[in-house]
Amino acid sequence: MEIRPILSAMWQNKTGPVLISLQIAFTLAVVVNAMFLINVRIEKMDRPVGIDTPNIYNLSTVPTVPVEGVRDFIERDMAAIRSIPGVVDASPVLTFLQGGSTRAEGYRPNEDLADANYRIVNVNFVDEHGLDALGIELLRGRNFRKDEIRYLDANERALPDVAILTESMGRDLFGDEDPLGKDVYYADEENRTMRVIGVIKDVAAAWLASDSPRGRKTVYNFMLQPFVETKSGRGYNYAIRAEPGALNAVMSEVEKKLFEVDPNRLIERTYTQKELLARSYGTDRAVIQILSIVAGLMVVITALGIVGLASFTVNQRTRQIGTRRALGAKRRDILRYFITENVLLTTFGVVLGSFMAYGLHLALFNLLRIPKLDPGYLPVGIVVLYLLGVLAVFGPARRASMIPPGIASRTV
Amino acid sequence: MFAYNLRLSWLSLKKTPVLSALMIAAIGIGIGVCMTVFIVYALMTGDPIPARSGHLYTYVLDNHLDEDRGPNDQADPFVGYRDVINLMGSDIPVDESVHYQSSAVFHPDNAQIKPFREVLRLANNGFFRLFEVPFLYGSAWSDEADTKAQFVIVLSRALNDKLFGGVNSVGRKVDVDGHYFEVTGVTDDFSPIPRFFETDGDVFDETDGAYVPFSLTPQLKLAKSNGSVNCIADSKGDSWEDFLDQECTWIHHWVWLKDKADRDRYLQMLKNYTVDQQQYGRYQGEYEVEIFNVMEFLKYRELVNPAYVMLIGIAFMFLVVCLLNTNGLLFAKFSGRAGEISVRRALGCSKKRMFRQHLVEIAVIGVAGGVLGLILASGGLLALKHMFPNYDNVAHLNVELVSIAILMSVVSTMITGLYPAWRICQLPPARYLKAQ
Numbered sequence: 001m002e003i004r005p006i007l008s009a010m011w012q013n014k015t016g017p018v019l020i021s022l023q024i025a026f027t028l029a030v031v032v033n034a035m036f037l038i039n040v041r042i043e044k045m046d047r048p049v050g051i052d053t054p055n056i057y058n059l060s061t062v063p064t065v066p067v068e069g070v071r072d073f074i075e076r077d078m079a080a081i082r083s084i085p086g087v088v089d090a091s092p093v094l095t096f097l098q099g100g101s102t103r104a105e106g107y108r109p110n111e112d113l114a115d116a117n118y119r120i121v122n123v124n125f126v127d128e129h130g131l132d133a134l135g136i137e138l139l140r141g142r143n144f145r146k147d148e149i150r151y152l153d154a155n156e157r158a159l160p161d162v163a164i165l166t167e168s169m170g171r172d173l174f175g176d177e178d179p180l181g182k183d184v185y186y187a188d189e190e191n192r193t194m195r196v197i198g199v200i201k202d203v204a205a206a207w208l209a210s211d212s213p214r215g216r217k218t219v220y221n222f223m224l225q226p227f228v229e230t231k232s233g234r235g236y237n238y239a240i241r242a243e244p245g246a247l248n249a250v251m252s253e254v255e256k257k258l259f260e261v262d263p264n265r266l267i268e269r270t271y272t273q274k275e276l277l278a279r280s281y282g283t284d285r286a287v288i289q290i291l292s293i294v295a296g297l298m299v300v301i302t303a304l305g306i307v308g309l310a311s312f313t314v315n316q317r318t319r320q321i322g323t324r325r326a327l328g329a330k331r332r333d334i335l336r337y338f339i340t341e342n343v344l345l346t347t348f349g350v351v352l353g354s355f356m357a358y359g360l361h362l363a364l365f366n367l368l369r370i371p372k373l374d375p376g377y378l379p380v381g382i383v384v385l386y387l388l389g390v391l392a393v394f395g396p397a398r399r400a401s402m403i404p405p406g407i408a409s410r411t412v
Numbered sequence: 001m002f003a004y005n006l007r008l009s010w011l012s013l014k015k016t017p018v019l020s021a022l023m024i025a026a027i028g029i030g031i032g033v034c035m036t037v038f039i040v041y042a043l044m045t046g047d048p049i050p051a052r053s054g055h056l057y058t059y060v061l062d063n064h065l066d067e068d069r070g071p072n073d074q075a076d077p078f079v080g081y082r083d084v085i086n087l088m089g090s091d092i093p094v095d096e097s098v099h100y101q102s103s104a105v106f107h108p109d110n111a112q113i114k115p116f117r118e119v120l121r122l123a124n125n126g127f128f129r130l131f132e133v134p135f136l137y138g139s140a141w142s143d144e145a146d147t148k149a150q151f152v153i154v155l156s157r158a159l160n161d162k163l164f165g166g167v168n169s170v171g172r173k174v175d176v177d178g179h180y181f182e183v184t185g186v187t188d189d190f191s192p193i194p195r196f197f198e199t200d201g202d203v204f205d206e207t208d209g210a211y212v213p214f215s216l217t218p219q220l221k222l223a224k225s226n227g228s229v230n231c232i233a234d235s236k237g238d239s240w241e242d243f244l245d246q247e248c249t250w251i252h253h254w255v256w257l258k259d260k261a262d263r264d265r266y267l268q269m270l271k272n273y274t275v276d277q278q279q280y281g282r283y284q285g286e287y288e289v290e291i292f293n294v295m296e297f298l299k300y301r302e303l304v305n306p307a308y309v310m311l312i313g314i315a316f317m318f319l320v321v322c323l324l325n326t327n328g329l330l331f332a333k334f335s336g337r338a339g340e341i342s343v344r345r346a347l348g349c350s351k352k353r354m355f356r357q358h359l360v361e362i363a364v365i366g367v368a369g370g371v372l373g374l375i376l377a378s379g380g381l382l383a384l385k386h387m388f389p390n391y392d393n394v395a396h397l398n399v400e401l402v403s404i405a406i407l408m409s410v411v412s413t414m415i416t417g418l419y420p421a422w423r424i425c426q427l428p429p430a431r432y433l434k435a436q
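Line order of the protein sequences matches chains A and B. Numbering follows the working numbering, in which position 412 of the first sequence is assigned residue number 412; successive positions increment by one, without gaps. Numbering follows the working numbering, in which position 245 of the second sequence is assigned residue number 245; successive positions increment by one, without gaps.
Hints listed in this document are in silico derivations from the structure and should not be mistaken for laboratory results. Nothing here was measured: the structure is a model prediction, and the numbers come from that model. Hints are not guaranteed to be accurate.
Derived EDC-like pairs (lysine to aspartate or glutamate); straight-line CA-CA distance at most 20 Å [as the list claims (entries may be wrong)]:
no.: 1; chain 1: A; residue 1: K231; chain 2: B; residue 2: E400
no.: 2; chain 1: B; residue 1: K260; chain 2: B; residue 2: D91
no.: 3; chain 1: B; residue 1: K299; chain 2: A; residue 2: D211
no.: 4; chain 1: B; residue 1: K114; chain 2: A; residue 2: E260
no.: 5; chain 1: B; residue 1: K224; chain 2: A; residue 2: E255
no.: 6; chain 1: B; residue 1: K162; chain 2: A; residue 2: E260
no.: 7; chain 1: B; residue 1: K351; chain 2: B; residue 2: E340
no.: 8; chain 1: B; residue 1: K258; chain 2: B; residue 2: E288
no.: 9; chain 1: A; residue 1: K44; chain 2: A; residue 2: D284
no.: 10; chain 1: B; residue 1: K385; chain 2: A; residue 2: E275
no.: 11; chain 1: A; residue 1: K182; chain 2: A; residue 2: E105
no.: 12; chain 1: B; residue 1: K221; chain 2: B; residue 2: D175
no.: 13; chain 1: B; residue 1: K173; chain 2: B; residue 2: D146
no.: 14; chain 1: B; residue 1: K173; chain 2: B; residue 2: E118
no.: 15; chain 1: A; residue 1: K231; chain 2: B; residue 2: D177
no.: 16; chain 1: A; residue 1: K274; chain 2: A; residue 2: D132
no.: 17; chain 1: A; residue 1: K231; chain 2: B; residue 2: E241
no.: 18; chain 1: B; residue 1: K114; chain 2: A; residue 2: D262
no.: 19; chain 1: A; residue 1: K231; chain 2: B; residue 2: D62
no.: 20; chain 1: A; residue 1: K44; chain 2: A; residue 2: D262
no.: 21; chain 1: B; residue 1: K385; chain 2: A; residue 2: D284
no.: 22; chain 1: B; residue 1: K221; chain 2: A; residue 2: E68
no.: 23; chain 1: B; residue 1: K114; chain 2: A; residue 2: E255
no.: 24; chain 1: B; residue 1: K114; chain 2: A; residue 2: E137
no.: 25; chain 1: B; residue 1: K224; chain 2: A; residue 2: E105
no.: 26; chain 1: A; residue 1: K201; chain 2: A; residue 2: E137
no.: 27; chain 1: A; residue 1: K274; chain 2: A; residue 2: E43
no.: 28; chain 1: B; residue 1: K221; chain 2: B; residue 2: D189
no.: 29; chain 1: B; residue 1: K224; chain 2: A; residue 2: D153
no.: 30; chain 1: B; residue 1: K221; chain 2: A; residue 2: D262
no.: 31; chain 1: A; residue 1: K231; chain 2: B; residue 2: E144
Please model the entire structure based on the sequences and the hints provided.
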């Protein structure tokens, strides 16, 4: 092979090759880490959220003229919404699911008041239609009965006797034991417990986008309680689930119907569940986009650098190439020379770049508390850079191979 | 001489259009990406109130109310109603502000506009002084309005536009939740980033629609919206009065302290207060008293997503790659010119003049790269506005940023170009003359 002469030629004129190798090293470090960070976020956004996101929408309504019986007001609304064709079901909720605002509470599996014993859980309220209205799958036990639903008075503290919780919440509280039928203790009410009557498939808590270790650990700690809030702080929140494909039609129909039931009202904060989820993941999506653009541009810049430098060397060496050709080198020998040269440069670059990628990863790990790098990204990055180098150098190298042997004699 | 060098640079750039374009593009993209990320970062981590951030303090009386703390695992820096009433009026601070965010339904007199909900902040008039809220018309309400809990209101510019078509509405009346309030002033646009005085809910979102006196809290019964209320449940009743009396934290209290000594005095006062309250059975067991100025507070609340720090690092690595790229291309360009340089050297041009000419050429590339970078950065900012609509009023280029971008571009290109320019001037002319 002709590696030795190539190396000695590079040694004669080291600045260019050193610069290209450094560029390749930096690019590898950034691209590998960017791929990893993007993937971490994509995986996070791909986690199941446990509700029928595409077919749910939420709204908040409040009477502009004070009403006597809030319970009647809400019940009339619910009856009207549920009667609309295309609506699967609807339920009043405490807060929109996975939409930013939260009620977080502490519960414990037994009477032990020790600090470590508390579990944090995202609590939401529904009536007996809640599971259907949200598309939540009941795994074991039963749904709330109509007679269990309480309409809370203003500022009344919600102390339910029964609750439905997710599998993960059950595991967090009781380990491998089945939580069904067990009693859950309040964090701060000594003698009150509630009984677990149903276990549902995991539903993501409102802090599903959190990157903190605690947030990540408790992402499926979610509980439903049989309440309807009647305090009109920011209106009454409803979750409405439509049949697949009927969401848009249902949305306008619901608004019309609600104004028919009571024209003196505001309907606000109308969000589809998809919008809420997208909002929760806003930062993640922005980071993915910025990282992809930066990593992509970096690859392009590096490729341009390789093209620029290779074209220049080809011009510089026109006479030498002519001479080699005149001495019997074939076109593909010239082509091979430049490609081999590039492969060598890339090799220097990726060796240095692998160390840098690891260093950058350690820095990110400390900064973002992200999981450890999957070593699988490094080979992918290396292959990408080799391909990129060969592609970038191919044009100039082909031009070099076209140099006619005669040129050597002509310019001497 | 300089003009001559400039002309030579122009000719030289034109001679190798592809290389020149590549260099300018590399620098431009590097600067553009760096600037975009830098602006976002400065926005997120900047001091929201530079003139005063060292003097404004808020505090935490952590009575371990929120055992079920949110995923951020730290005490919320809010104060309970009872404590705020007790602690307000201390003679240590120069000025102070208590406030919380709620929302209420506005009923315009104009029947064409349907009733609508607006963010309403209950605050004392110190709020406007402490946070330097600018006024378009009128002013904040009087101290008397605060002490006597009068029905007065300050509107935001946007709300004034909506209700009164933007005219000076001072003295007019507004119906909020069935109460008539008299307008004393209209604020101009006011959006410090981040909104450090309101770190509940979405700090980069939502602006206030209107302000009414905090002393109306017991009367108006407006619950806090878009933020947390941490309570220890007790057996008191369910009414609003019971709630205010309950062991809950939810109100923001900021004080303006002259100097470090006053800060220490205030902290001591808070500690004494909690000890004093123990006779009423409060602040038992372990509890913490902490005080923060604005920047300490932002750090405490972890308002800056570490993802942005990461982006800054990556953006600078990106600029390094672009500069390495330019460096390589400059080498290529200059050594392609060895013959020409040798001739000029042989004809008597000094190394120094040669060097200077190359530096001018590099500076021209730097300026061109900087301009391209700015164009790309404004494109980047547009894209960001698209991604985060609430950045609208803050992410824009100003003279300062434009100068920073051009300067950064020229300086970094010059540093990059020094070595190639120096190398090329060291060439022995004889060798290249021979080859001709």
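Cross-check of the supplied hints:
no. : hint            : verdict
1   : A/K231 / B/E400 : violated, 50 Å
2   : B/K260 / B/D91  : holds, 15 Å
3   : B/K299 / A/D211 : holds, 17 Å
4   : B/K114 / A/E260 : holds, 16 Å
5   : B/K224 / A/E255 : violated, 27 Å
6   : B/K162 / A/E260 : violated, 27 Å
7   : B/K351 / B/E340 : holds, 14 Å
8   : B/K258 / B/E288 : violated, 24 Å
9   : A/K44 / A/D284  : holds, 9 Å
10  : B/K385 / A/E275 : holds, 18 Å
11  : A/K182 / A/E105 : holds, 18 Å
12  : B/K221 / B/D175 : holds, 16 Å
13  : B/K173 / B/D146 : holds, 18 Å
14  : B/K173 / B/E118 : holds, 16 Å
15  : A/K231 / B/D177 : holds, 15 Å
16  : A/K274 / A/D132 : holds, 18 Å
17  : A/K231 / B/E241 : holds, 15 Å
18  : B/K114 / A/D262 : holds, 15 Å
19  : A/K231 / B/D62  : violated, 28 Å
20  : A/K44 / A/D262  : violated, 42 Å
21  : B/K385 / A/D284 : holds, 16 Å
22  : B/K221 / A/E68  : holds, 18 Å
23  : B/K114 / A/E255 : holds, 15 Å
24  : B/K114 / A/E137 : violated, 40 Å
25  : B/K224 / A/E105 : holds, 18 Å
26  : A/K201 / A/E137 : holds, 6 Å
27  : A/K274 / A/E43  : holds, 17 Å
28  : B/K221 / B/D189 : violated, 28 Å
29  : B/K224 / A/D153 : holds, 17 Å
30  : B/K221 / A/D262 : violated, 25 Å
31  : A/K231 / B/E144 : violated, 32 Å
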